[in-house]
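Chemist: I would like the entire structure built from these sequences, with the hints used as guidance.
Number of protein chains: 2
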Amino acid sequence: MRLALAQINTVVGDLDGNRDRIVSRIEEARGDGADLVLFPELAVTGYPPEDLLLRPGFIRAAERTLGEVARAATGIAALVGVPVWRRDLYNACALCADGEVKAVYRKRFLPNYGVFDEDRYFASGRDLLLVQHEETLLGVTICEDIWQPGPPATDLALAGAELIVNVSASPFHVGKDRQREEMLITRARDNVAFLAFVNAVGAQDELIFDGHSVVLDDEGEVLARAPGFEEALLVVDVDPTAAIARRLSDVRRRALARERDEGAEPVTVVRIERAAHADPGHRSAEVAPFEDELESMRRALVLGLGDYVTKNGFSEVVIGVSGGIDSALTAALAAEAVGAERVHCVSMPSRYSSADTRSDARRVAESIGADFREIPIEPVVESLTAALAPSFEGREADLTEENLQARARGVILMALSNKFGWLLVATGNKSELSVGYATLYGDMAGGFALLKDVFKTDVFRLSRYLNERAGREVVPVTTIERAPSAELRPDQRDEDSLPPYSVLDRVLEAYVEEDRSVEELSQDGFDADVVQRAVAMVDRAEYKRRQAPPGVKLRPKAFGRDRRTPITNRWRG
Amino acid sequence: MRLALAQINTVVGDLDGNRDRIVSRIEEARGDGADLVLFPELAVTGYPPEDLLLRPGFIRAAERTLGEVARAATGIAALVGVPVWRRDLYNACALCADGEVKAVYRKRFLPNYGVFDEDRYFASGRDLLLVQHEETLLGVTICEDIWQPGPPATDLALAGAELIVNVSASPFHVGKDRQREEMLITRARDNVAFLAFVNAVGAQDELIFDGHSVVLDDEGEVLARAPGFEEALLVVDVDPTAAIARRLSDVRRRALARERDEGAEPVTVVRIERAAHADPGHRSAEVAPFEDELESMRRALVLGLGDYVTKNGFSEVVIGVSGGIDSALTAALAAEAVGAERVHCVSMPSRYSSADTRSDARRVAESIGADFREIPIEPVVESLTAALAPSFEGREADLTEENLQARARGVILMALSNKFGWLLVATGNKSELSVGYATLYGDMAGGFALLKDVFKTDVFRLSRYLNERAGREVVPVTTIERAPSAELRPDQRDEDSLPPYSVLDRVLEAYVEEDRSVEELSQDGFDADVVQRAVAMVDRAEYKRRQAPPGVKLRPKAFGRDRRTPITNRWRG
Numbered sequence: 040m041r042l043a044l045a046q047i048n049t050v051v052g053d054l055d056g057n058r059d060r061i062v063s064r065i066e067e068a069r070g071d072g073a074d075l076v077l078f079p080e081l082a083v084t085g086y087p088p089e090d091l092l093l094r095p096g097f098i099r100a101a102e103r104t105l106g107e108v109a110r111a112a113t114g115i116a117a118l119v120g121v122p123v124w125r126r127d128l129y130n131a132c133a134l135c136a137d138g139e140v141k142a143v144y145r146k147r148f149l150p151n152y153g154v155f156d157e158d159r160y161f162a163s164g165r166d167l168l169l170v171q172h173e174e175t176l177l178g179v180t181i182c183e184d185i186w187q188p189g190p191p192a193t194d195l196a197l198a199g200a201e202l203i204v205n206v207s208a209s210p211f212h213v214g215k216d217r218q219r220e221e222m223l224i225t226r227a228r229d230n231v232a233f234l235a236f237v238n239a240v241g242a243q244d245e246l247i248f249d250g251h252s253v254v255l256d257d258e259g260e261v262l263a264r265a266p267g268f269e270e271a272l273l274v275v276d277v278d279p280t281a282a283i284a285r286r287l288s289d290v291r292r293r294a295l296a297r298e299r300d301e302g303a304e305p306v307t308v309v310r311i312e313r314a315a316h317a318d319p320g321h322r323s324a325e326v327a328p329f330e331d332e333l334e335s336m337r338r339a340l341v342l343g344l345g346d347y348v349t350k351n352g353f354s355e356v357v358i359g360v361s362g363g364i365d366s367a368l369t370a371a372l373a374a375e376a377v378g379a380e381r382v383h384c385v386s387m388p389s390r391y392s393s394a395d396t397r398s399d400a401r402r403v404a405e406s407i408g409a410d411f412r413e414i415p416i417e418p419v420v421e422s423l424t425a426a427l428a429p430s431f432e433g434r435e436a437d438l439t440e441e442n443l444q445a446r447a448r449g450v451i452l453m454a455l456s457n458k459f460g461w462l463l464v465a466t467g468n469k470s471e472l473s474v475g476y477a478t479l480y481g482d483m484a485g486g487f488a489l490l491k492d493v494f495k496t497d498v499f500r501l502s503r504y505l506n507e508r509a510g511r512e513v514v515p516v517t518t519i520e521r522a523p524s525a526e527l528r529p530d531q532r533d534e535d536s537l538p539p540y541s542v543l544d545r546v547l548e549a550y551v552e553e554d555r556s557v558e559e560l561s562q563d564g565f566d567a568d569v570v571q572r573a574v575a576m577v578d579r580a581e582y583k584r585r586q587a588p589p590g591v592k593l594r595p596k597a598f599g600r601d602r603r604t605p606i607t608n609r610w611r612g
Numbered sequence: 040m041r042l043a044l045a046q047i048n049t050v051v052g053d054l055d056g057n058r059d060r061i062v063s064r065i066e067e068a069r070g071d072g073a074d075l076v077l078f079p080e081l082a083v084t085g086y087p088p089e090d091l092l093l094r095p096g097f098i099r100a101a102e103r104t105l106g107e108v109a110r111a112a113t114g115i116a117a118l119v120g121v122p123v124w125r126r127d128l129y130n131a132c133a134l135c136a137d138g139e140v141k142a143v144y145r146k147r148f149l150p151n152y153g154v155f156d157e158d159r160y161f162a163s164g165r166d167l168l169l170v171q172h173e174e175t176l177l178g179v180t181i182c183e184d185i186w187q188p189g190p191p192a193t194d195l196a197l198a199g200a201e202l203i204v205n206v207s208a209s210p211f212h213v214g215k216d217r218q219r220e221e222m223l224i225t226r227a228r229d230n231v232a233f234l235a236f237v238n239a240v241g242a243q244d245e246l247i248f249d250g251h252s253v254v255l256d257d258e259g260e261v262l263a264r265a266p267g268f269e270e271a272l273l274v275v276d277v278d279p280t281a282a283i284a285r286r287l288s289d290v291r292r293r294a295l296a297r298e299r300d301e302g303a304e305p306v307t308v309v310r311i312e313r314a315a316h317a318d319p320g321h322r323s324a325e326v327a328p329f330e331d332e333l334e335s336m337r338r339a340l341v342l343g344l345g346d347y348v349t350k351n352g353f354s355e356v357v358i359g360v361s362g363g364i365d366s367a368l369t370a371a372l373a374a375e376a377v378g379a380e381r382v383h384c385v386s387m388p389s390r391y392s393s394a395d396t397r398s399d400a401r402r403v404a405e406s407i408g409a410d411f412r413e414i415p416i417e418p419v420v421e422s423l424t425a426a427l428a429p430s431f432e433g434r435e436a437d438l439t440e441e442n443l444q445a446r447a448r449g450v451i452l453m454a455l456s457n458k459f460g461w462l463l464v465a466t467g468n469k470s471e472l473s474v475g476y477a478t479l480y481g482d483m484a485g486g487f488a489l490l491k492d493v494f495k496t497d498v499f500r501l502s503r504y505l506n507e508r509a510g511r512e513v514v515p516v517t518t519i520e521r522a523p524s525a526e527l528r529p530d531q532r533d534e535d536s537l538p539p540y541s542v543l544d545r546v547l548e549a550y551v552e553e554d555r556s557v558e559e560l561s562q563d564g565f566d567a568d569v570v571q572r573a574v575a576m577v578d579r580a581e582y583k584r585r586q587a588p589p590g591v592k593l594r595p596k597a598f599g600r601d602r603r604t605p606i607t608n609r610w611r612g
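So the protein lines, in turn, are chains A and B. Residue 612, in my numbering, is where the first sequence stops; the numbers in between run on with no holes. Residue 612, in my numbering, is where the second sequence stops; the numbers in between run on with no holes.
Check before you lean on any hint, since a few could be wrong.
Given that identical chains are not distinguished, each listed pair holds provided it fits within a single copy or across any two copies.
[Said to hold, decoys possible] No farther apart than 20 Å at their CA atoms in a straight line, the calculated lysine to aspartate or glutamate pairs in the EDC-like style are these:
1) 141 <-> 270
2) 458 <-> 421
3) 583 <-> 260
4) 458 <-> 435
These aren't lab readings, by the way, just hints derived from the structure by calculation.
Modeler: Given below as structure tokens:
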């Protein structure tokens, strides 16, 4: 049997565009002689469509679009993710063949944790769908279904499926790609079944779908794997009936079968035909390697920004470059995402900017080959200071004056964005955003905050990695080696206000991402004062984060929908 | 039996403070001779605690706090909302008596729609809890449980409960107070049971809890109702055994009883004692009236801002007053919320500000008795224009120059906020925020956006109402009668860029709040062009709203957690 896994990049809400993307892959797969082509979860609507799913007109249009897709499924079968209304709304996938929808499988397990809100939209399905292709029986699952060790996968295998397919839109964080495949390998082995996992690829607002679609045999061997972070059509010949030999001797399955409540779930079996244009030669597909950690971060960031720009109709970006490492890295990644010729770097020195950082700001643009301009902010800051002088009379300078500088820059960058239609990319990192070491409407301003989920220590690692990879200074080494400073007052250094990033980032990871308490962190050996201070800063900064632009989720827990913390909150623990 | 309903204003995360609030009401109720005092849902933690519920340390601390509350429950029983860990996490309420926790009821129906995410946190309970007090049997439910027409309320009644209590944190929108009570009246009648509903009061970020706790007899007559938008201890004598007479002749109940799956839900019955300090005289409590629509909006806005200020440790607010109606209304409401002496009004005229609006800006502050200052922005705008001149050479003036003015004002207001610790209250309304007729980091800047969920037509109605109510010009009539203008270019009027607000607001209500499609709106008789344009503006502005400050939810669907729309979204329908 020849399978095709269509790892495609859909756009949320773009029903016509997604239809075209799906249909062209159906045609391509048919040309490759595939019997069945698999598409990701909710491929018709894009994932996640969020509250578009509450609009009846959208649901009706999605089902109409499914009909158009089905008409293209001739001489090949296609399994297409789509929301369907069947006396309630389901996250489903439709088996299309002979130009029509033959059957629908409705997702049983609905994730409602982390970034997911599926209980908000969907009812849970209970039926099993099996597909018969010649001697082979396939069982269908959707995303979260396969993360459950029991049914529906176990029920499908017990009902005879030698191949379990899983259509997913599984969001990325660093390390998730390998963890997910390890889980899939265990499922294949436990069920003594081949497994075909097709994942979405591309970015939707803060989420990255990393692809890495994979086909496993019943012993968990990888038969084929699509590359990460790009579209692919993975075509591979499989003979899942080979699983039967091992099933004859696998007693675990028989024990499970005896325990199973027979007929607990209604089972539908649909027969599909051999491919019209079957290609007799055997096809063994590529096994693309996983990227290592830093490369996967780079790919995710480039894909995240690139897709945000493209899918939202921008073509160019503008970045405030300070001569520091965050803006240098942001600019370098942006050049990869949209092309250096579409990146505009703006240096906005103040009286506190050193000659070194001013020249580094220029070098950042030069090293990537981007447009560069310098707009000194001193006159703007002076006019603001003068306007505020009557109100501020007799008051000491404090953070207010630092924020004025950052906001003068924010206003200038937004004006360039407005005038030329450039997307303003903010340059702050996760460490700063966590503790609120950032100015709202100042350096936080922008349509997208690329490094929002990258800790400062990872900013350093990524910058060095980019240079190694390029074999030259993409991120100027001087920006990497200089002690971090906001340059908002004389001789300022980040570490005057914050613990060293090597310590801070570990505290933040434990508190922000792992929900460790102050007490536990102190027991873990962190300095109690450092922990207390860091945690208080994180909690106080929630109001700033609520107004932060979206950015790429890279970590197991990102700010935003992943971490829903009240602003009004007196808990300190 | 004497019931006390403690309609209290808790603070999320403030376990010690909430304990003190609860204990002092237990003591007050005991002093009033109550047998049982009821507290709102999750009173120990405040509602909604959101992802604090994912922190083990927080859950442990909440249970410790419950123990402290229970120790205070002597000579009286108390029903206290609290999260509990019982091999999983439950939204529960604890029956406390004799200084200890006697039993726990776990909420069965978990709302996961609108502003609610309870499936994210809680497992669903299945047991029923009945409380025996002398001859009376009480059944316990939590919030969403009572919005279900069937179990647990019906099961409780069939198990013999003559009084159903419901502990709630039921968020407000205009009209919800009456709708909720209508539903409760139906539940009391259907179950032939008395009903005691205790609601939280106060604001948490965007949500308002309006109180309006109520006690109904078995025919749905209101025996007592607490006032809206303020704390109260409602003490009332009830004799729910009176329901038995009507049950003897109610055949509907017997039909239901025959159909009920006997013993389907485990039932716990706990006996509580007569109050230690029983007061022999009969107590019939007040029936506070419902506020009419505009008064309920006023109360909700005042409570929402007041609580945001207080609970987040602010004491004063700053508002940019333009001489227009939005800022005039915001200032008037802020004066009610925090006191006029804590309101700072700042007028920031530009070359486009008319003499009329300049003097009206001053009159706004005068009419409420607030601090006033004028900070002309012209020099700041000029310095920004000069800084940008080399980049903008050869370009026509456009929205960019308008945004510069709005952002100069935003920077000045934020500087005042930073220097003096004043909360900046943004003045934009829901109509503007819907269509994006607002400048990000400009007039949208602030820690709280008071009118975020008030349509422009309601801004007019509320302003007139405030004046009528005060019997004087709190909101200057000239600001009400002048045609709305952003005054960012010569002779600008809102209706040059937007449909008349009377039309626009109806389109927005249907599209934003009711998920009507463009097609349906056209069928409803709206001009197709107006609809198309308005809808496109709404969709395009999602990125701005994502960075908007929080504000009071007043409508059935507010922006924010209530309407989760993707930014990247090509659906136009």
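Chemist: Hint by hint, which ones does the structure fall short of?
Modeler: 1, 3
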